[in-house]
Amino acid sequence: MKKIIQYVKDSYNELVHKVSWPTRAELTSSAVVVMIASFIMALVVFGIDSVFEWALKYFYNLV
15 MKKIIQYVKD
25 SYNELVHKVS
35 WPTRAELTSS
45 AVVVMIASFI
55 MALVVFGIDS
65 VFEWALKYFY
75 NLV
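Residue numbers (my numbering): 15 to 77.
Hints in this document: simulated from the structure, not taken from any laboratory. Take the hints with a grain of salt, since some may be wrong.
Quick list of simulated restraints, FRET-style, between CB atoms [said to hold, decoys possible]: (1) Glu28 <-> Ala69: 52 to 62 Å; (2) Ser34 <-> Glu67: 28 to 38 Å; (3) Thr42 <-> Ser64: 47 to 57 Å; (4) Glu28 <-> Phe73: 52 to 62 Å; (5) Lys16 <-> Thr42: 38 to 48 Å; (6) Ala51 <-> Val22: 29 to 39 Å; (7) Lys32 <-> Ser52: 28 to 38 Å; (8) Tyr74 <-> Ile54: 23 to 33 Å; (9) Ser44 <-> Leu76: 32 to 42 Å; (10) Arg38 <-> Val77: 51 to 61 Å.
Where a beta carbon is used, it is the ideal one built from N, C-alpha and C, also for glycine.
Whole structure, please, built from the sequences with the hints as guidance.
Take a look at the structure:
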């Protein structure tokens, strides 16, 4: 039980004193970058899906 209590104390100490937490501005800018990258990836996947859909429709119409 002593090991568990020591582990919790050490974990708390590390989180409070050793971890460098981002500022609100850094967190906001990172979130914006992630949203923009996600939107771009969604557009790429949509484009690829549309091309494959068109190609398959074209192929099935030939057959």
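Hint check results:
Evaluation of the 52 to 62 Å hint for glutamate 28 and alanine 69 yields a pass: the beta carbon distance comes to about 54 Å. Remark: the range hint 28 to 38 Å for serine 34 to glutamate 67 is contradicted by a beta-carbon distance near 47 Å. Look at threonine 42 against serine 64: about 33 Å separates their beta carbons, and that is not inside 47 to 57 Å. Between glutamate 28 and phenylalanine 73 the beta carbons are some 58 Å apart, a value that agrees with the proposed interval 52 to 62 Å.
Range check, lysine 16 to threonine 42: about 42 Å between beta-carbon atoms, so the 38 to 48 Å window is met. The hint said 29 to 39 Å for the Cβ distance between alanine 51 and valine 22, and at roughly 36 Å that hint holds. For the hinted restraint 28 to 38 Å between lysine 32 and serine 52, the CB-CB distance of approximately 31 Å keeps it satisfied. Evaluation of the 23 to 33 Å hint for tyrosine 74 and isoleucine 54 yields a pass: the beta carbon distance comes to about 31 Å.
For serine 44 paired with leucine 76, a C-beta distance near 48 Å fails the hint of 32 to 42 Å. Between arginine 38 and valine 77, the C-beta spacing of about 58 Å keeps the proposed range 51 to 61 Å intact.
Checked against the numbered hints listed earlier, the structure breaks hints 2, 3, 9; every other hint is satisfied.
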